[in-house]
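Protein chains in written order, with this note's numbering: chain A, 1 to 466; chain B, 1 to 124.
Honestly, the hints are just simulated from the structure, not real lab data.
Some hints could be false.
Claimed, not checked - Residues from chain B that face chain A, not an exhaustive set, calculated with beta carbons under 7 Å:
id, residue
1, E10
2, N12
3, I13
4, L16
5, R18
6, N20
7, P77
8, R84
9, P105
10, S107
11, P108
All C-beta atoms in this analysis are idealised placements derived from N, C-alpha and C, irrespective of residue type, glycine included.
Spelled out from the first residue to the last, the chains are:
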Amino acid sequence: MSPVAKPFLGIGWRPLISYFFLFLGFLALAQLYALHKPILWEMGVVVFISAAILAWITYRRLINPIEEMSSIAQDMARGNLEQEIRIFAQDETGDLARSINYLSRELKKNIDDVISEKNKVQAILASMCDGVIAMDNWGRVILVNPIVEKFFGTTQEASKGKNIRRVIRNSDFEKVLNQFLETGRPVQKQIQLMTPEPRLFRVQVTPLMDTGVDGGGMVALLRDFTGRKKLEEMRSEFVANVSHELRTPLTSIKGFTETLLDGALEDAQTTKHFLEIIYVESERLTRLIDELLNLSKIEDHKVAPDWQPVSMHELMERTVAIFKPRAAEKDLNIEVVLPEKLPMVHGDPDMLGQVLINLIDNAVSYTQNGGMIRVSAQSSGDKVKVEVQDNGIGIPEDSISRVFERFYRVDKARSREQGGTGLGLSIVKHIIDVHHGNVQVKSKVGEGSTFTFELPVNGHNTSTVV
Amino acid sequence: MPRILVVEDEKNILELVRFNLEREGYQVLTALDGVRGLELARTEAPDLILLDVMLPEMDGLEVCLELRNDTMTKSIPIIMLSARAEELDRMLGLEMGADDYVTKPFSPRELSARIKNRLNENKH
Numbered sequence: 001m002s003p004v005a006k007p008f009l010g011i012g013w014r015p016l017i018s019y020f021f022l023f024l025g026f027l028a029l030a031q032l033y034a035l036h037k038p039i040l041w042e043m044g045v046v047v048f049i050s051a052a053i054l055a056w057i058t059y060r061r062l063i064n065p066i067e068e069m070s071s072i073a074q075d076m077a078r079g080n081l082e083q084e085i086r087i088f089a090q091d092e093t094g095d096l097a098r099s100i101n102y103l104s105r106e107l108k109k110n111i112d113d114v115i116s117e118k119n120k121v122q123a124i125l126a127s128m129c130d131g132v133i134a135m136d137n138w139g140r141v142i143l144v145n146p147i148v149e150k151f152f153g154t155t156q157e158a159s160k161g162k163n164i165r166r167v168i169r170n171s172d173f174e175k176v177l178n179q180f181l182e183t184g185r186p187v188q189k190q191i192q193l194m195t196p197e198p199r200l201f202r203v204q205v206t207p208l209m210d211t212g213v214d215g216g217g218m219v220a221l222l223r224d225f226t227g228r229k230k231l232e233e234m235r236s237e238f239v240a241n242v243s244h245e246l247r248t249p250l251t252s253i254k255g256f257t258e259t260l261l262d263g264a265l266e267d268a269q270t271t272k273h274f275l276e277i278i279y280v281e282s283e284r285l286t287r288l289i290d291e292l293l294n295l296s297k298i299e300d301h302k303v304a305p306d307w308q309p310v311s312m313h314e315l316m317e318r319t320v321a322i323f324k325p326r327a328a329e330k331d332l333n334i335e336v337v338l339p340e341k342l343p344m345v346h347g348d349p350d351m352l353g354q355v356l357i358n359l360i361d362n363a364v365s366y367t368q369n370g371g372m373i374r375v376s377a378q379s380s381g382d383k384v385k386v387e388v389q390d391n392g393i394g395i396p397e398d399s400i401s402r403v404f405e406r407f408y409r410v411d412k413a414r415s416r417e418q419g420g421t422g423l424g425l426s427i428v429k430h431i432i433d434v435h436h437g438n439v440q441v442k443s444k445v446g447e448g449s450t451f452t453f454e455l456p457v458n459g460h461n462t463s464t465v466v
Numbered sequence: 001m002p003r004i005l006v007v008e009d010e011k012n013i014l015e016l017v018r019f020n021l022e023r024e025g026y027q028v029l030t031a032l033d034g035v036r037g038l039e040l041a042r043t044e045a046p047d048l049i050l051l052d053v054m055l056p057e058m059d060g061l062e063v064c065l066e067l068r069n070d071t072m073t074k075s076i077p078i079i080m081l082s083a084r085a086e087e088l089d090r091m092l093g094l095e096m097g098a099d100d101y102v103t104k105p106f107s108p109r110e111l112s113a114r115i116k117n118r119l120n121e122n123k124h
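Excised from the complex, chain A in its bound form (with noise of 0.2 Å):
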């Protein structure tokens, strides 16, 4: 608290002044009358003038500036608390401008404070991911939050004083408050809202203290759980389809195993020929949990790219030297195409390596005997590009924006002859995108693909020779 304007203590000089002189006026007329015995009269025009000068001695001192306090404490009271009543009268008038002055500013302040207060928790509440309804104990709003405005298609100012059944047209929204009344304990839900949009909320509903509403009231909190819905069902898809994926060659070990143990291995060539499905199969296993690990380490950031200057130039030459006995198995001719200069790019070489080997093995394996693979590269601003094209069946196009999804397979049953797992693109796509750069396919069935990625050059390296 301020210190209290000092209160003026006692009679001012100026009325002491003033009834000083009166009393001297007074005695000066006494003194008068005994000398002169002046006639009734002139007595009378002596005491108006004297009763004259006092009337405008008390208005100058009393009424005037009571009536300028009167008519500033009005306009206080219309909220101008910004003046000041302008009296600095060392008296009773003065002291009482100075205690209305005082006042209009201590209520200011307080009227400052609740405002920033206020402010505050709206703030609070604007910056909320939830939505937050105040409502009385017949469901009248007394405040919604603004991401309910945004939900509802409403304002704070149409709902206010509202019913909110009739804000929210929601039957489960109902319920919910319901129970929450005939309970009065809190009440946790999920709903779902169909209009304005679809969307799906966990709604909490808790009693509210002390509103100064009769009756109390209840607050409503609404976690939009739209995304999180979707995300929870796409790892569901991801598991069964893991599982899934999973399941189908282990059919076949068992299956085999277990036709074996009951007979089949008395032939000699049977026998063969379903240890060979039980091996391909258990390799493809292991493929499919290895690739499974390696995606979910780059996706989860579990291993840190080890960052350094890549050449490209070399990891391309070391790859398609990978792939040349199974080229040439397919008489397949593959060559590669760089510049004479490559700037290095931003890398974990092991990761792109991986990149080339996916999208290489690809090729290979969807290209016909005699066909043709061309892995290039050239440099293009602040980024290399790099190019797996091939003259093979190429993908159909609606295939094409898919093809990077995991388990996603243009042709389930050529993927499976040629051992693929549905992740290789998939970690393509994952492993560029850790680089920050970007991949693109074209494609024409019959024709060919032709895959392209963007990767950013190593800071300000410069060029390599090669």
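Start from chain A and add chain B according to the hints.
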């Protein structure tokens, strides 16, 4: 000898089932996708159909529904095969009119037993 149609896109599993069923003495017809499976079911009128759920072209549940809506194929027993073991799939398989359901990985012996049961039930 009863004729069994096997609709399965995994070649190895198809071979596994075929080998085991032929050893039991059944005559086996095979299809690698849903459309071909439906066609064979209509033209060949097998005694029982083993139907995988995840099939290219037309999935197993659709094939099952089509078979049930066709008076010609309505009464052929259908056993669904699937790697998706979830309860929902099981429900769907049976609501779609399938008679039984086997989850992968399955035991060939158990599959044979189930087929035998279905065929016997159908005789009565």
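*asked:* Under the constraints set out in the numbered hints, which ones does this structure not fulfil?
replied: 5, 7
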